[in-house]
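Protein chains in written order, with this note's numbering: chain A, 109 to 796; chain B, 5 to 71.
Careful, some of the hints might be misleading.
[Claimed, not checked] Derived DEER-like restraints, expressed as beta-carbon distance ranges:
{"hint": "1", "chain 1": "B", "residue 1": "P47", "chain 2": "A", "residue 2": "R181", "range": "21 to 27 Å"}
{"hint": "2", "chain 1": "B", "residue 1": "N57", "chain 2": "A", "residue 2": "R158", "range": "36 to 42 Å"}
{"hint": "3", "chain 1": "B", "residue 1": "R16", "chain 2": "A", "residue 2": "D172", "range": "39 to 45 Å"}
[Unchecked claim] Footprint (simulated), chain B over chain A, 3 or more residues, beta carbon under 8 Å:
{"hint": "4", "segment": "320-327"}
{"hint": "5", "segment": "381-388"}
Think of the hints as simulated: they come from the structure by calculation, not from any bench. We put the beta carbon where it would ideally sit given N, CA and C, even for glycine.
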Amino acid sequence: MPRILNHAPWLVLAVLGAFALGTVALARGETINALWLVVAAVCTYLVSYRYYSLFIATRVMRLDPARPTPAMRHNDGLDYVPTNQYVLFGHHFAAIAGAGPLVGPVLAAQMGYLPGMLWILAGVVVAGAVQDFMILFISMRRDGRSLGELIKAELGDIPGVIALFGTFMIMVIILAVLALVVVKALTNSPWGFFTVAATVPIALFMGVYMRFLRPGRIGEISIIGFFLLIAAILLGGQVAQSETLAPMFTLTGVQITWILIGYGFVASVLPVWLLLAPRDYLSTFLKVGTIVMLALCILLVAPPMKMPSVTRFVDGTGPVWSGSLFPFLFITIACGAVSGFHALISSGTTPKMVENELHTRFIGYGGMLTESFVAIMALVAASCIEPGIYFAMNSPPALLGTTAESAAQVINNWGFVITPEMITQTAQDVGEVSILSRAGGAPTLAVGMAQIFSELFGGKAMMAFWYHFAILFEALFILTAVDAGTRAGRFMLQDLLGVFFKPLQRTASWAGNLIATGLCVAAWGYILYQGVIDPLGGINTFWPLFGISNQMLAGIALILATVVLFRMKRERYAWVTMVPAAWLLICTLTAGVQKVFHSNPAIGFLAHAERFSTAANEGRLLAPATSMEQMRQVIFNDYLDAALASLFVLVVLAVLVFGILSCLKALRSDRPTTREIPTGGATARAGD
Amino acid sequence: MSGLKSNLSRFRGYFEQTAKLMIGVPDYDTYLEHMRTRHPDQPAMTYTEFLDNRLQARYGAGKAGCC
């Protein structure tokens with residue numbers, strides 16, 4: 109009887125969650141409050157954490173609190189430090205939370221909030237949190253080794269190299285897409301551009317302060333930096349109003365692209381203490397602080413959801429991104445549901461600091477649930493603004509035209525009521541000249557956040573401030589990711605190139621350093637440039653490519669986890685990782701093949717190339733090309749994108765084959781064949 | 005009252021530790037304690053050296069960013 113009573117509160121939570129979910133799902137026509145989504149999500153998280161993660165911890169992994177962790181074995185006070193689980197949770201969460209959970213759900217809102225919400229909840233419980241938890245566990249049991257090393261050790265050398273190469277490609281795409289989000293937000297926005305540009309001198313000042321004036325005072329300088337940021341936002345408002353200064357900071361997308369490319373190059377060869385580290389401090393604290401603030405504000409404001417729960421665009425004709433609900437919704441929302449990038453973090457610094465094996469459940473599974481909640485908040489922020497405004501901000505100029513009148517007319521034809529005045533009024537409210545075609549998620553989210561924040565603080569008069577605060581918050585951590593990523597890519601590339609030409613490998617050599625940095629910046633810069641000049645908005649093309657590559661990495665991580673379970677002779681529980689791996693492979697392979705071969709030029713790269721080739725042969729020009737030279741460029745890029753998508757498909761298929769072979773081999777063995785660190789005493793590697 | 009006070013200062017300690025670890029800086033006191041008990045024969049790094057060491061560890065070896 110007491111055992112049943114133990115479950116009673118959870119039963120109440122489950123019923124409450126089911127009721128909230130039902131309310132959200134069955135609402136047709138009438139507006140529902142965002143709190144229903146929050147309640148449904150939180151109940152889902154709590155119940156799945158209590159039951160499913162416990163099942164994984166005790167049955168599948170058999171976590172052992174007595175077993176020494178890498179932090180215990182190698183305690184050095186630096187990399188390997190046994191750390192309090194709440195402290196480590198904060199570290200892990202700050203590392204996994206980024207632009208992904210904020211952008212994906214905003215883009216997915218074009219189908220209504222219901223499909224996105226269902227995928228975020230189902231995805232995180234069954235796939236995302238399981239992946240993060242499993243990889244953390246696997247890495248922890250192997251001295252905190254990285255994903256690449258784990259794949260090498262468990263699947264073999266060849267899949268290890270393939271996976272590393274895939275990771276590098278994913279990073280190039282992620283950097284390009286993130287930079288594209290920034291470009292879209294700052295184009296023709298003197299306020300936004302000034303504020304974001306001001307972060308560079310602010311960071312330099314912080315770097316110098318910390319190095320020479322008052323070394324080591326991180327907290328102090330972070331607070332000073334924060335107030336300088338606020339000052340930069342306020343000053344940006346003045347700049348935007350000034351007749352002499354505003355034109356100096358009003359830049360086109362292409363200009364900002366070149367600035368970003370130059371910036372990325374310089375920032376990643378400067379010493380880290382000067383620019384990267386101080387900006388990382390600011391962006392990390394601002395990111396976590398803003399996320400907490402957004403959660404509180406959503407609870408207090410309880411905004412109504414204005415976006416329909418399901419829109420007509422589930423049929424795949426949406427203006428924000430092309431492709432039908434299956435498979436494209438499942439790659440549009442990556443982080444928040446499941447993200448392969450987390451496998452890199454879960455096999456990074458976190459496993460080296462776990463104090464007790466049991467803590468991995470809270471840090472791995474719980475951390476990902478928290479990230480998923482960030483995605484739900486982004487979905488709420490995007491859905492509580494007028495749908496007409498949402499589509500005005502996210503549809504490409506090729507569809508909307510460039511005036512508020514033409515945009516309003518097109519959007520009204522789609523069935524969303526909007527007047528040109530509403531569009532210009534919104535732009536005025538947030539202190540911008542135009543809000544049209546600012547795809548990429550950040551500006552939409554900023555409008556949503558500005559609406560929610562200004563209800564509590566400052567009313568309409570403060571909306572422009574909050575809008576630029578939100579833009580700054582996103583641009584800041586995206587730019588940090590861009591230069592940290594370029595730096596990381598440079599080391600990877602120097603390693604790869606060093607195989608052929610030894611001197612390049614020396615990371616201290618200036619020539620090798622500059623060449624590798626240049627190549628890395630050129631790679632993402634090229635993709636970024638193509639995205640910026642694309643009349644369909646770039647995000648249209650590249651977000652799916654990012655989604656595919658990121659989800660494929662998750663698929664690879666889950667294949668690794670499956671192989672490990674087989675090698676531990678726990679194959680009866682392998683469905684825990686096989687089911688999400690199978691679903692991810694089905695989604696990403698379908699999406700990958702469709703991106704290459706789909707007959708609709710809006711979806712398939714080859715069909716798009718075909719359309720341009722035909723036109724070129726007839727001597728016609730198609731937008732965005734203004735010359736035959738550019739027509740050929742578009743066609744070349746289509747083939748390049750098709751090749752990239754095919755490459756991802758091949759990478760994941762190769763890992764799948766190696767994974768199956770490893771599983772079969774493990775099945776034939778009559779004892780465990782994994783190589784874990786010892787259980788504490790003198791026990792050697794099992795079966796080795 | 006003193007219980008509440010010590011709870012508060014403990015909470016503050018955790019808060020500070022969490023914020024620092026978020027930017028890749030582990031607890032310096034823990035490091036000193038470790039050096040004192042395990043390697044009493046070796047000199048420990050000063051706080052600024054320690055910060056610099058962690059900075060290189062975070063960005064030097066090529067850690068990937070977030071998603």
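Checked hints:
| no. | hint | in the structure |
| --- | --- | --- |
| 1 | B:P47 x A:R181: 21 to 27 Å | 24 Å, holds |
| 2 | B:N57 x A:R158: 36 to 42 Å | 40 Å, holds |
| 3 | B:R16 x A:D172: 39 to 45 Å | 33 Å, violated |
| 4 | 320-327 | holds (count 4) |
| 5 | 381-388 | holds (count 4) |
In summary, the one numbered hint that this structure violates is 3.
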